[in-house]
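Asks: Construct the complete structure from the given sequences, taking the supplied hints into account.
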Amino acid sequence: MANVPDNLHYSKDHEWVRVEGDTAVIGITDHAQEQLGDVVYVELPKVGDEFTGNDSFGSVESVKAVSEIFTPIAGKISETNDSLNDEPEKVNKDPYGDGWMIKMTMKNPGEVDSLLTAAEYEDFTKAEE
Amino acid sequence: MITKVTNHPSQNEQLIFERSQEGRAGYSLPPLDVEETSLDEIIPPALQREDDLAGMPEVTEVDVVRHFTRISTWNYSIDLGMYPLGSCTMKYNSRLNEKVARIAGFANLHPLAPEAEAQGALEVIYELQQHLAEITGLPGISLQPAAGAHGEMTGIMIIRAFIDARDGKEASAQRRTMLIPDSAHGTNPASAHLSGFTVKTIKSTAEGLTDLDHLRELCGHGDVAGLMLTNPNTLGLFEKNIQQICRIVHDAGGLVYMDGANMNALVGVARPGDMGVDVIHLNLHKTFSTPHGGGGPGSGPCCCTRELEPFLPVPRIVRTDAGTMDSKSQIPNFKLDFAYPQSIGRVKAFYGNYGMILRALAYTLTHGYDGLREATEAAVLNARYIAHGLISDYDKPFAGDPMHEVVFTDKRQARKGAHTLDIAKRLIDYGFHPMTIYFPLIVSGAMLIEPTESVGRQELDQFIEAMRSIAKEAVDDPELVLNAPHTTRIGRLDEAAAARKPVLRWKPKQAAGAA
Amino acid sequence: MLQQVGVASIENLFESIPENLRLRDRLNVPAAMSELELLNRFDELAARNQAARRISFLGGGAYSHYIPTIVDHLISRSEFFTAYTPYQPEISQGTLQAIFEFQTLVCQLTGMDIANASMYDGSTAMAEAVLMAERVTKRSKVIVSSAIHPQYLEVAHTYVQHAGIELEHAKTDDQAGQTLLDSIDDNTAAVIVQSPNFFGCIENVTTLAEKAHANGALLVVVVTEAMSFGLLKSPGACGADIVVAEGQSFGVPVSFGGPYVGLFATREKYARQIPGRLVGEAYDNQGRRGFVLTLATREQHIRREKATSNICTNEGLIALAATVYLETMGRRGVQEAAQQCAQKAHYAARQIAKLKGFSLPYSAPFFNEFVVKAPVAAADLLAQLANDQGIDGGIALSRFDSNRPNDFLVCVTETNTRDQIDALVAGLAALVQNRS
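Protein chains in written order, with the working numbering: chain A, 230 to 358; chain B, 2 to 516; chain C, -12 to 423.
If you're looking for bench data, these hints aren't it; they were derived computationally from the structure.
Hints may be right or wrong, so weigh each one.
Computed cross-link-like contacts, DSS-like style, restricted to lysine-lysine with a CA-CA straight-line distance of at most 25 Å [unchecked claim]:
#  : chain 1 : residue 1 : chain 2 : residue 2
1  : A       : K241      : B       : K204
2  : B       : K204      : A       : K293
3  : A       : K275      : B       : K502
4  : B       : K201      : C       : K293
5  : B       : K412      : B       : K508
6  : A       : K336      : A       : K293
7  : C       : K293      : B       : K508
8  : B       : K473      : A       : K355
9  : A       : K293      : C       : K293
10 : B       : K170      : A       : K293
11 : A       : K293      : B       : K510
12 : A       : K241      : A       : K336
13 : A       : K275      : A       : K332
14 : A       : K355      : A       : K275
15 : A       : K241      : C       : K293
16 : A       : K275      : C       : K341
17 : C       : K128      : B       : K170
18 : B       : K502      : C       : K293
19 : B       : K100      : A       : K322
20 : C       : K125      : C       : K256
21 : C       : K125      : A       : K305
22 : B       : K204      : C       : K128
23 : A       : K293      : C       : K256
24 : A       : K293      : B       : K417
25 : C       : K256      : C       : K158
26 : C       : K125      : C       : K198
27 : C       : K158      : C       : K128
28 : B       : K502      : C       : K256
29 : B       : K204      : B       : K241
30 : B       : K397      : B       : K412
31 : C       : K360      : C       : K125
32 : A       : K241      : B       : K201
33 : A       : K355      : A       : K241
34 : B       : K510      : C       : K125
35 : A       : K355      : B       : K204
36 : B       : K417      : A       : K355
37 : B       : K417      : B       : K473
38 : A       : K293      : B       : K502
39 : A       : K275      : C       : K256
40 : C       : K158      : A       : K275
Since we're looking at a predicted model, the values are computed, not measured.
Replies: See the structure below:
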């Protein structure tokens, strides 16, 4: 069963958001990495890039599939997890920890409240199957 | 009992670079017979190569022969056995066609030789054009595209050019949608994109056919330039409403493009032109038996209605009956004609993959009107026979009678943990190449099987028995299936690792990790 | 069998096709021919291709080089030519290893980091390079030299017509015969130049690379005569970002224009932007090395409309022919063949230049092709030469540019003997003398 930690916010595109002050840390969920298979490459934006909500900020590739990844909220990139260039498998092994993808300074900190809770996300993934 | 057709006498063969020994040579050239000038005088030193082609192999002729002979034994091939690959039409590659392509009068003919000195070559192109027009029911033809995807791109560009001319640039800019079924081959949307179209997906019904209501709805916005359809579709089912589908699209101001890769179910039996299709591409390396060559060359002729003819690529090969060669016997004159101002332009240098055109003409003439139809009938019968043979063990998602190919899923086997990929790999141990897997995308765990007409009953039975045996193994001894193949020179490769740190060439001093 | 599948007759197999669409009459194509009849027919057709029997000095994008006997022998092995695309690596290692060797050889010859498993030909490889340059730089203008093969330019125009990319033609210097680069700016995605160019002239690739890079643009080098890699400084060493070429010179017969093989090579950093198939090294769980199609997520079957190209089938067997050729000729053979081409071409050029009324209009260095200016209309001259002497002496440039009625392009390869060259020179001299 896919892991769905309680302390995070979730989107319907299978991203998670962890709030650390003004910053949102974003990655893809355990469910998403399971669906994708072994991740071979992650395409990330540049520091300083700005996005509105539901914007595509990059992509995740496995051997046989590629998925775009979306920012669930608006903001400006403050940091990217460049270690994924050499070790994309971190996304599979630790999607909520070492497999984080981007950090954003949130444009509207309250925006995360409109995202799904862990329980809502779990229901959502069950319904999708 | 497992009956196997592949064996691997050569377990070890390194890369040629790893066998290279300085000073060896595999060639012979005559000595230079003109006065030799100092190289520096004819090519300034700054423009000359400095690396002495370091790293390129130095081997003898026998080294090369053994190298390629050995590694060739690692390949499966049509000459060895059946490839039940759906959508690929892996039929017999006639040796006679190979001989024809190598006739010196064709092989040594330069493409820019004056037309008067290449009449035989031009006649070959012209004649194949005529036969393909007859087979498809579409009179406009270009043999210039080099492969199916290339022919597709050509066909879609023709649609775009036609609409631009018919509606004017401004109105045409409102028509940028190309409708593509969810079951389509990946080249379809990629080709549409090249012509500036955006893709909208049409749903399939539970029967596996185009959803007419959805089609009508999508055609109601006035932005549809066309529909790209495969018929029979990638599920092997004939779109019985094809005439209605074409009418709906035409009424909405769009055109119908057919992906003709699956003509093996139609040749001599039905014609796309009669169905209402406006433009089609063919794969000579499928229905017309030209060899796959490990990934090419192909040839993707594009055929269209009279209305679309002006937009075909140039040059066109035409016939005038002013006999210049021998006016007494009125031998026809074949010419390159560039006078088509509305043409989309050239899609390739010269005239197309000429060697494949030769082979396809030889195929057509070898079969003749009877043979072409018989091939189609046998192809469909064989697929129907396989469908019948597997239905007791595998899940067949669509009830409709398949044409030349049939799709099954791994639904039953997956319950015990064996998936399509595993079944495919286990089939290798039985001496067959796997079927097409995970395509079309709309069927989960798809296995698309197309035997073609080149398979006799014994081999069909052998294939069915193998599949039945695997179905049993999936229940009784799943590890056997999950870790297959067991009898090949190497096992399943770690493709994820290969994609993470791609090594795409040999480099000097690279560790030779060969077993 | 019909009984087993539950149908009464063959006709019933086609019931799902509406009756009004089912053909009642037989196709209007000839009756089946036996092998003997077929071969006679094709021999008769081939006999009407006189140019195939002539002594040839034709180049212009297709080259008559010597093909070692084992090339055709090896590519005719069933396991190679009747094999499918290597999607199932366990039973396709022959094809996959050969492609890996091909990719390596292309890198070595072009001086680049990565090469793909082939494109259709040089012309479409160049068109794909245009599209790739736009993807990589996100700029929409591409400068193309007007000294690129005219058919290659036509193909590029076809490919970009709906892609929102503008092709600007850079002129050539009438004296040198080389490209003049004037209007590059920071909206330029790439500069594309052919070297040796269509007129045979070697371009100043290093200088052009510097100019392109100074403006943030890529330099794409096109090569139609791949044998030139055996003698000239590699485009990679000159600073090219993408190299595209026609590989036909390597073991592939001229065969009236196809099938040929497009070479496509680039820098490592563009690995995920390159079109076409790629073969990479991989290991199984026993640590055995094998090869596999990789980075497939760039391609159409996965990324569909966002793919780096729509290409699926490429020129597999022709790439194999080139691989066998290059390994047979090897490091020494490719250089020797290239040197012979250059020496013989320069000999021919010197002899022709001595003829009264003939001149060589371009001053740039050349490899094995050069333009000759005749004192009379070239097309007629060449036609007469063919008829009288059985020699196809060159390609009349009037075929491509009506403003150049007296110019023709001569190509000399290692297969042209001194006697043939002397006969060409004597033939030209005699014809012109007879007219004056």
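Asks: Give a verdict on every hint.
Replies: Now for the hints, and whether the structure bears them out:
no.	hint	in the structure
1	A:K241 / B:K204	holds (23 Å)
2	B:K204 / A:K293	holds (23 Å)
3	A:K275 / B:K502	holds (22 Å)
4	B:K201 / C:K293	holds (14 Å)
5	B:K412 / B:K508	violated (45 Å)
6	A:K336 / A:K293	violated (35 Å)
7	C:K293 / B:K508	violated (32 Å)
8	B:K473 / A:K355	violated (32 Å)
9	A:K293 / C:K293	holds (15 Å)
10	B:K170 / A:K293	violated (39 Å)
11	A:K293 / B:K510	violated (32 Å)
12	A:K241 / A:K336	holds (20 Å)
13	A:K275 / A:K332	holds (11 Å)
14	A:K355 / A:K275	violated (34 Å)
15	A:K241 / C:K293	holds (23 Å)
16	A:K275 / C:K341	violated (63 Å)
17	C:K128 / B:K170	holds (22 Å)
18	B:K502 / C:K293	holds (23 Å)
19	B:K100 / A:K322	violated (56 Å)
20	C:K125 / C:K256	holds (16 Å)
21	C:K125 / A:K305	holds (22 Å)
22	B:K204 / C:K128	violated (38 Å)
23	A:K293 / C:K256	holds (21 Å)
24	A:K293 / B:K417	holds (23 Å)
25	C:K256 / C:K158	violated (31 Å)
26	C:K125 / C:K198	holds (19 Å)
27	C:K158 / C:K128	holds (16 Å)
28	B:K502 / C:K256	holds (13 Å)
29	B:K204 / B:K241	holds (16 Å)
30	B:K397 / B:K412	holds (9 Å)
31	C:K360 / C:K125	violated (43 Å)
32	A:K241 / B:K201	holds (22 Å)
33	A:K355 / A:K241	holds (12 Å)
34	B:K510 / C:K125	violated (37 Å)
35	A:K355 / B:K204	holds (24 Å)
36	B:K417 / A:K355	holds (22 Å)
37	B:K417 / B:K473	holds (11 Å)
38	A:K293 / B:K502	holds (16 Å)
39	A:K275 / C:K256	holds (16 Å)
40	C:K158 / A:K275	violated (38 Å)
Of the numbered hints stated above, those contradicted by the structure are hints 5, 6, 7, 8, 10, 11, 14, 16, 19, 22, 25, 31, 34, 40, listed in ascending order.
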